[in-house]
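Each chain, letter by letter, is given below.
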Amino acid sequence: MTAAACDVRFLDAGETALVVEFGTRVDPSINALVLALDRDLSDRELEGIIETVPTYRSLMVHYNPFLIARGDLVRQVEELLATSSGEPVVGRNWEIPCCYDGQHGEDLDDIARTLGIGREDAIAHHAGATFRVYMCGFAPGFTYLGGLPEALHISRRESPRPPHAAGAVLVGGGLATIASFAMPTGWYVIGQTPERLYAPERQDAFLLSPGDTVRFRRIGVDEFDVLEAQAATAAVISRTFP
Amino acid sequence: MTQNGRPQLVVLNAGPGVTLQDEGRRGLLRYGVTTAGPMDPLAFATANWIAGNPVGSTAVEVSQGGIDLACEGGEVGIAFAGGHFQITLDEEPMPPSGYVTLRPGSRLSIRAGESGGWCYLAPCVQLDVEPVLNSLSTHVRSGIGGLNGKALAAGDRIGIATSHAPAASMAKVKTPWLLPTASPIRVVLGPQDDYFAADEIAKFLDGPWKIGARGDRMAYFLEGPVLTHVKGYNIVSDGIAMGAIQIPGNGQPIVLMADRQPTGGYPKIATIIGSDIGRFAQARAGESVHFTSVHIDEAVAIRRRVMDVFSSPPRLDPIIRRNFPARLLLSSNLVDGYFPA
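Residue numbers (the numbering used here), protein chains in the order written: chain X, 3 to 244; chain V, 7 to 347.
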């Protein structure tokens, strides 16, 4: 899909933020347009842009209206959309360890029962999929992933479950996430990664960026403990591949 | 007790919610990191302006919980501005906006006063505090910034790297732009005003809205007429600006403030303009507010007028001090007695 093919809307969030909205759905082709504009706008290095926030379906541009007027910003974005190569953002490809066993995959039985599939099938679907980072948000390093196989589409809980551990790998409502912090959730815990998506003392404090792809490598409980100890020393334990 | 012979600020007492804030953590919303920064950016800018500090310098944001502050190892100039708080230097009352020189043995006390929720203390110094992700702003929920990611508490010591000469020993400054007014809070409609019918938007603007009891640095909750959506209340998450007014399923607005999460999934009917967000933030629980909508061009023009006050230096009217407490006149070696180490 090109930007021209969908109805781009410019919405104001006050006088210092502009929302460039590509759609209202969760859709990989819409998200690809968001990320492409994010990249193109960043490449242009316009004075007055404070920061941009890509989401599933829109790009929020925080700006200083004394340095770039709203009208000029809109014109610049329109020009970028009209002339964009349409090349999707090429992120890094990650292989992130994930343990599905025991308490690490606390809600796996619930997931399997609700979806009417076997526990091992649920793991195979999850570990066999390639996910794409749609956006981060909510909390530092909290990452929303698209690409969850249909077999794992499960409605969110009616009411939140008690807090899960940091590093919980979650599914819910057709999406997947990796939670960087312990918190209550309406999603289901399918596994847990010993990786730290946010480590302030690490040179790259944030592991993932929108546009990256993620595959999960199944690990056992013993390997989880070993990797978790490594991650605690600010080492990155996930791998990137071409 | 001081490090490297440099002065330190010492927190003698602090109520809940008193934090260090600079202009906020920028550039990391895309990684889920909250901006934080001051609840009342205008009062924060005013305090730094009086202090003669660079724009966005770190200040102590004082909640209605109040704070008692002392210093050791040297004097520290401190400018203050915000709501109408009760400010005293060794029991001598100070105006709501001004400047004092805090000396070892003195005590600067800030308490909730006639009105307002936030007061800013801008020391004329560069603090010796390690930034986290390029900012000193405290975000307590994620444990980032300030002193160890926490609100200030009794016993905390804030190191000072460099200080510049105080402009005067004690002075008041007229800051009429911080006075409370009954005029409506101005908003720009959107980004999701199309989720509401015209009469619902009129209902939203008319209010009146009462500030709910459970507000904090993340959000204020408003109580008033129940608003209904025309297209439901679940949207696919998008970005959230400061002052965004989201309407959840119960039809009662939530105004997202400095510690808001970067993205969220309720329709946002309007956004409070930058020049009025501080005035709104100063409203206390139980107080009443109403809104009026302005065009975005007008919002920018208002912003320009407001920021114009900072283009000339502050006029400092000296205050003559009357009370000299014995402990100040004696020697500073009594200071440690404040506070068992």
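One or more of the hints may lead you astray.
[Unchecked claim] Distance windows between CB atoms, simulated:
1) V/D222 x X/P164: 17 to 27 angstroms
2) X/G120 x V/G238: 29 to 39 angstroms
3) V/A291 x X/R163: 41 to 51 angstroms
4) X/G50 x V/G271: 21 to 31 angstroms
5) V/G238 x X/T116: 22 to 32 angstroms
[To be verified] Here are some chain X residues pointing at chain V (derived, C-beta under 10 angstroms):
6) L61
7) G130
8) F243
Think of the hints as simulated: they come from the structure by calculation, not from any bench.
Virtual Cβ for every residue (Gly too), placed ideally from N, Cα, C.
Supplied contact hint for X/G130, tested at 10 angstroms Cβ to chain V
Violated, about 26 angstroms.
Measuring from beta carbon to beta carbon, are X/G120 and V/G238 in 29 to 39 angstroms?
For V/G238 against X/G120, whose Cβ atoms are near 36 angstroms apart, the range 29 to 39 angstroms holds.
Does the Cβ-Cβ separation between V/A291 and X/R163 fall within 41 to 51 angstroms?
The hint (41 to 51 angstroms, Cβ to Cβ) is violated, given that V/A291 and X/R163 are roughly 31 angstroms apart.
Should the hint that X/L61 touches chain V count as held when the rule is a Cβ pair under 10 angstroms?
8 angstroms, holds
Does the Cβ-Cβ separation between X/G50 and V/G271 fall within 21 to 31 angstroms?
28 angstroms, holds
Using the nearest Cβ pair, does X/F243 come within less than 10 angstroms of chain V?
Where the cut-off is 10 angstroms and the nearest Cβ of chain V is about 22 angstroms from X/F243, the hint is violated.
Quick check: does the Cβ-Cβ distance between V/G238 and X/T116 fall within 22 to 32 angstroms?
25 angstroms, holds
Is the gap between the beta carbons of V/D222 and X/P164 within 17 to 27 angstroms?
23 angstroms, holds
In summary, the numbered hints that this structure violates are 3, 7, 8.
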